[in-house]
Amino acid sequence: FAGLADVSISEDIPVEGEITVPVGSHSPDEDYSTLDEPVRDTIMRDLKAVGKKFVHVMYPKKSSALLRDWDLWGPLVLCVSLALMLQGGSADSKDDGGPQFAEVFVIIWFGAVVITLNSKLLGGTISFFQSLCVLGYCVLPLTVAMLVCRLVLLAGSGTISFVIRLIVVVAMFAWSTLASTAFLADSQPPNRKALVVYPIFLFYFVISWMILTFTPQ
Amino acid sequence: ASPVYLLAEFDDAANLLAADPDATTISIDEPAEIPKNQHSRLQEPGREEDDELLGTDDSDKTELLAGQKKSAPFWTFDYYQTFFDVDTYQVLDRIKGSVFPVPGKNFVRLYIRSNPDLYGPFWICATLVFTIAVSGNLSNFFIHLGKPTYHYVPEFRKVSIAATTIYAYAWLVPLALWGFLMWRNSKVMNIVSYSFLEIVCVYGYSLFIYIPTAILWIIPEKVVRWVLMVFSLGLSGSVLVMTFWPAVRDDNRRIALATVGTVVLLHALLAVGCLAYFFDAPELDFPAPIIPAHNKTTVTTKSQ
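Here the protein sequences come in this chain order: U and X. Just so we're aligned, residue 1 is where the first sequence starts under the UniProt record's numbering, counting upward by one. Just so we're aligned, residue 1 is where the second sequence starts under the UniProt record's numbering, counting upward by one.
FYI, nobody ran anything at the bench for these hints, they're computed from the structure. Note that the structure is predicted; figures quoted are calculated from it, not measured. Ideal Cβ placement from N, Cα and C applies to all residues, glycine included. Wrong hints could be hidden among the right ones.
[To be verified] Distance condition first, Cα-Cα at most 30 angstroms in a straight line; then the derived BS3-like pairs of lysine-lysine:
1. X:Lys222 to U:Lys120
2. U:Lys52 to U:Lys193
3. U:Lys61 to U:Lys193
4. X:Lys96 to U:Lys193
[To be verified] Here chain X is said to cover these stretches of chain U; the calculated rule only asks that three of the stretch's residues, wherever they fall, bring their Cβ under 8 angstroms from a Cβ of chain X:
5. 71-77
6. 115-122
7. 199-210
[What the hints assert, rightly or not] Just a sample of chain U residues kept apart from chain X, beta carbon distances all over 12 angstroms, derived:
8. Arg68
9. Val104
10. Phe214
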């Protein structure tokens, strides 16, 4: 302690700083104050959150925004629009047509639940709804592919249109799989990563197959 | 003694045996097996070798091991997590073992080793369901391509039928077989007995060979399809036979043969049924040309 004897704070250096502890941004007090805001603000905030997640999916960087603030609005909107767009192919009573609305809906949600359960059973650290959120949002590239396919089919349905549709669907399928793997793979133990990625691959493959084989009546 | 010395002792024992065959010790059965075991549980070399040596006589030990593992009550999540306690290389090894059956080696004893998993059976069945549906659809498309009245349909109904059939086969047949083996066990003391999950595991992994077979069934040649069917039936059937023969061979001769025969018959029925239902018969008049001109005229024809 001898060396500290000559350390002293000079009188003319002001001591300043913050003594208060900063309050976290998710404190319950803030939620109460959103009751008084106009409805438009609430809706816009949720829409902006969903939009931000869409951007994260299209440019997958390893950010944790998708995982931290999960919501299921985006997946619901994507699933409903994809199921609606896949509808026109089997409007009449032909028996062996394409999937019905309910079938697409069930495949997407049931498939996402099964994959989430699978990754949790294999020892993943991600929570149930976070995983559902990621898998649902990563359907976005395939919804875009479905839109493109329908537009291309309006132009014609020959070989060229098939080749264009094939390329678009394959590209979007790769994008979806890579985006969801980028978000989900880190939460798995390293010696089981492939066991978790394969079901995701199968899931998006099935959705891509439904999109590619869509034929309008 | 530290573990390092124990390992050295085992190696020395092997060398001593090679030098002096009259020594009264247990002989090591398959030296080729040992390198494979070393990458699974390095800290228990003795137990691995004992499993190999005792072969089919270690049902007591494996049941003890199984009992120690699944101690969580069945309504907790941890209980089900014990059925997914496999790594990537273990799943790949089990798949390899189902595709290349080693004559005389039991799939359950060799690969499952009291760690049955539900990952393999579930996802192999799921893959098989979609592979059969997609391949059947593709093969029908190529077969009927030249016909002017053909309008392509995705045939989505068949996915649910395929799913029901394959999952029913992969779960109900093992249940029936397990019940039957339990009943025979109560009458005749068998050395080998399998738990329900081990039987589900064997059946699930034995279905793997049908996945590449279904993809190759797209080829619209009858001879090719039947050759593929016989080949894959032979491989997966032999895995099943080599698994279940030791479990019934101490029983009445006729019952043993009937059991193994039924196992193979059901397996064959599944394959034949899938081929017949999902894949249209290729007619020899239309050799399924893949010419772009035909493609255009066919697809743009609107159905009335």
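Okay, the hints, checked on the actual structure:
no.	hint	result
1	X:Lys222 to U:Lys120	44 angstroms, violated
2	U:Lys52 to U:Lys193	27 angstroms, holds
3	U:Lys61 to U:Lys193	19 angstroms, holds
4	X:Lys96 to U:Lys193	19 angstroms, holds
5	71-77	violated (count 0)
6	115-122	holds (count 4)
7	199-210	holds (count 6)
8	Arg68	23 angstroms, holds
9	Val104	10 angstroms, violated
10	Phe214	8 angstroms, violated
The structure fails hints 1, 5, 9 and 10 (numbered hints given earlier, in ascending order).
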